[in-house]
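Hey, can you work out the whole structure from these sequences and the hints?
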Amino acid sequence: MITFESVTKRYPDGTVAVDRLTLEAPTGRITVFVGPSGCGKTTSLRMINRMIDATEGRILLDGVPVQGIDPPTLRRGIGYVIQQAGLFPHRKIVDNIATVPYLLGWDRKKARATAMELLERVGLDPALAGRYPFQLSGGQQQRVGVARALAADPPVLLMDEPFSAVDPIVRTNLQDELLRLQSELNKTIVFVTHDIDEAIKLGDQVAVLQVGGRLAQLADPKTLLSEPADDFVREFLGQDRGIRRLRFISTAGLRLRTDLTVAEGFDGSSPERWLLVVDGDGRPLGWRSSDRPEELEPFGTFVHGTDSMRAALDAALLSPSGCAVAVDERGRAVGVATRQALDEALAEAADG
Amino acid sequence: MTWLSSFVSWLGEFFGSGENWSGPGSIPVRLLEHLEFSGLALLLAVLIAVPLGLAIGHTGRGELLVVVSANLARALPTLGLLVMFVLLLGTASIWPVIIPLVLLSVPPILVNTFEGIKGVDPELRDAAYGMGLRGPQVLGRVLVPVALPLILLGCRLSAIQVVATTTVAAYTGLGGLGRYVIDGFATKDYASVVGGSVLIVLFALVVQVLFALAQRVTVSPGVSQRLKVR
Chain A
341 MITFESVTKR
351 YPDGTVAVDR
361 LTLEAPTGRI
371 TVFVGPSGCG
381 KTTSLRMINR
391 MIDATEGRIL
401 LDGVPVQGID
411 PPTLRRGIGY
421 VIQQAGLFPH
431 RKIVDNIATV
441 PYLLGWDRKK
451 ARATAMELLE
461 RVGLDPALAG
471 RYPFQLSGGQ
481 QQRVGVARAL
491 AADPPVLLMD
501 EPFSAVDPIV
511 RTNLQDELLR
521 LQSELNKTIV
531 FVTHDIDEAI
541 KLGDQVAVLQ
551 VGGRLAQLAD
561 PKTLLSEPAD
571 DFVREFLGQD
581 RGIRRLRFIS
591 TAGLRLRTDL
601 TVAEGFDGSS
611 PERWLLVVDG
621 DGRPLGWRSS
631 DRPEELEPFG
641 TFVHGTDSMR
651 AALDAALLSP
661 SGCAVAVDER
671 GRAVGVATRQ
681 ALDEALAEAA
691 DG
Chain W
-16 MTWLSSFVSW
-6 LGEFFGSGEN
4 WSGPGSIPVR
14 LLEHLEFSGL
24 ALLLAVLIAV
34 PLGLAIGHTG
44 RGELLVVVSA
54 NLARALPTLG
64 LLVMFVLLLG
74 TASIWPVIIP
84 LVLLSVPPIL
94 VNTFEGIKGV
104 DPELRDAAYG
114 MGLRGPQVLG
124 RVLVPVALPL
134 ILLGCRLSAI
144 QVVATTTVAA
154 YTGLGGLGRY
164 VIDGFATKDY
174 ASVVGGSVLI
184 VLFALVVQVL
194 FALAQRVTVS
204 PGVSQRLKVR
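As they're listed, the protein sequences go chains A and W.
The opening position of the first sequence corresponds to residue 341 in our numbering, with each subsequent residue numbered one higher.
The opening position of the second sequence corresponds to residue -16 in our numbering, with each subsequent residue numbered one higher.
Honestly, the hints are just simulated from the structure, not real lab data.
In this text, a Cβ means the ideal position worked out from N, Cα and C, and glycines have one as well.
Warning: the hint list may mix true and false statements.
Taking beta-carbon pairs under 10 Å as the criterion, some of the chain W residues facing chain A (in silico) [said to hold, decoys possible]:
1) R57
2) A58
3) L107
4) A110
5) P128
6) V129
7) V206
Next comes the structure, spelled out in structure tokens:
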């Protein structure tokens, strides 16, 4: 657990970067510091591994004040991932990953073996081990950066806007990968970002910081979206926080209709205006409208019980039928969420 | 074609002459002298300028020294310096020649070493400290390998200058390949002038090749980026 006790960072010119920050980053969870530039989020992160020293207050690592620990020793026990990965260009990937084990005096062979293991763990081809950083893409370099931070198996991981320099598709992959890794490793992670969507996606708890280094709100993402503490947080969360909150509402309770599904080649009549046509395996093919039965209309799906209400609503909006198709993990239709059903669920969500 | 044929015949005369291959003024002796003067001067300059450049680049303290030395290097007339030291110290030892040569070759090494270290991406420096490297480890394990191409470039620039200036040093009466040129002009022995010039050019080329090889061996392929993606 990382504890901030009324931590202040004041520069000699009087600028206050962090103002009496008090919070806890619980063990095994992801705590995200988010806020506009100048809010002191990176400064707060860098005070944990003493890249910057606090002016006042204490930061405790499992109860031990970090200010009492020699910085290099402290840093070797804390994983650190930065924006541009910061890999050493003159070292091969495997040796980059093994940086901290080498520093800790591990046997070279053991350090390299660990590095190879981590290379795979972060989703990279082991064949990349012998390459140099310039031969890797930005996303690959960022994965190596994460592997390097994990090499000595530190309990704490500090991540300073690690995914902000890669393109959106790669960023999404890296975020998913981080969540997958975290589900296996259970590290205490402090993650800095200026992107509220990233904060909401990754954080177990989110600390919203305000310019001048004041903590505006500390809450889990769902609470943050439904109960922003003040106007600053509300504005920072953006326009569609209601919609985004649906991400945290399960579709398990959504009422499905199973009587709207017909097999391919169906030629009968039905009182329903829209019918879902499925193939022999039960996979959806499209919507059949009673106005134009010869043509199939597009459809949207969500995985029932796994995807959030946001995905279900999105699926409904993708189809002229206005209904979302619920599928199982293998893509077979299990039912249809009609507008009525979605409406009921949304009403429930709005009630909290 | 007359210039070419006289050039060739002078070369033949110079390199074919038996007395040019043995004795005190022979080619091997002059070559060794040239190597001694320029090598010693360069070595001393490296020993002074590299540590200084590393320290200033790493700590950021003493940057003024780098600027001053770079400006002095441009302002100092090498030949004047040589003559002054010879007049002051005589020609009994080689130091009147070595000292100006060292003074001449310190600035390029100092400036390039300093710029190389200072110019390393701050993110990289940050990452190195963040991993838990100590100050000297950051310098030795990260900054120097990354800045090595520039440091070597500084040494190479100095080497070129030193080799060239050692030729001029023959003017003071000490040895070196420059003697063939200077004495040759004095006695109108054009075979000696031409042969000496060719030797000096070859010497300079060999030095360049050696530096290119040293760069290839010492600079990581990850820094020079000369590897093709496998």
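Now the hints, each set against the structure:
The closest approach between the C-beta of W/R57 and any C-beta of chain A is roughly 32 Å, which is over the 10 Å cut-off, so the hint fails. This hint is violated: W/A58 has a C-beta 36 Å from the nearest C-beta of chain A, more than the 10 Å allowed. Interface hint status for W/L107: upheld, as the beta-carbon distance to the closest one in chain A is roughly 6 Å, under 10 Å. Checking W/A110 against chain A: minimum C-beta separation of about 3 Å stays under 10 Å; hint holds.
For W/P128, the interface hint holds, the least distance from its beta-carbon to any beta-carbon of chain A being 4 Å, beneath 10 Å. The interface hint given for W/V129 holds, since its Cβ lies 6 Å from the closest Cβ of chain A, which is under the 10 Å cut-off. With a least beta-carbon distance of about 5 Å to chain A, the hint placing W/V206 at the interface is held under the 10 Å criterion.
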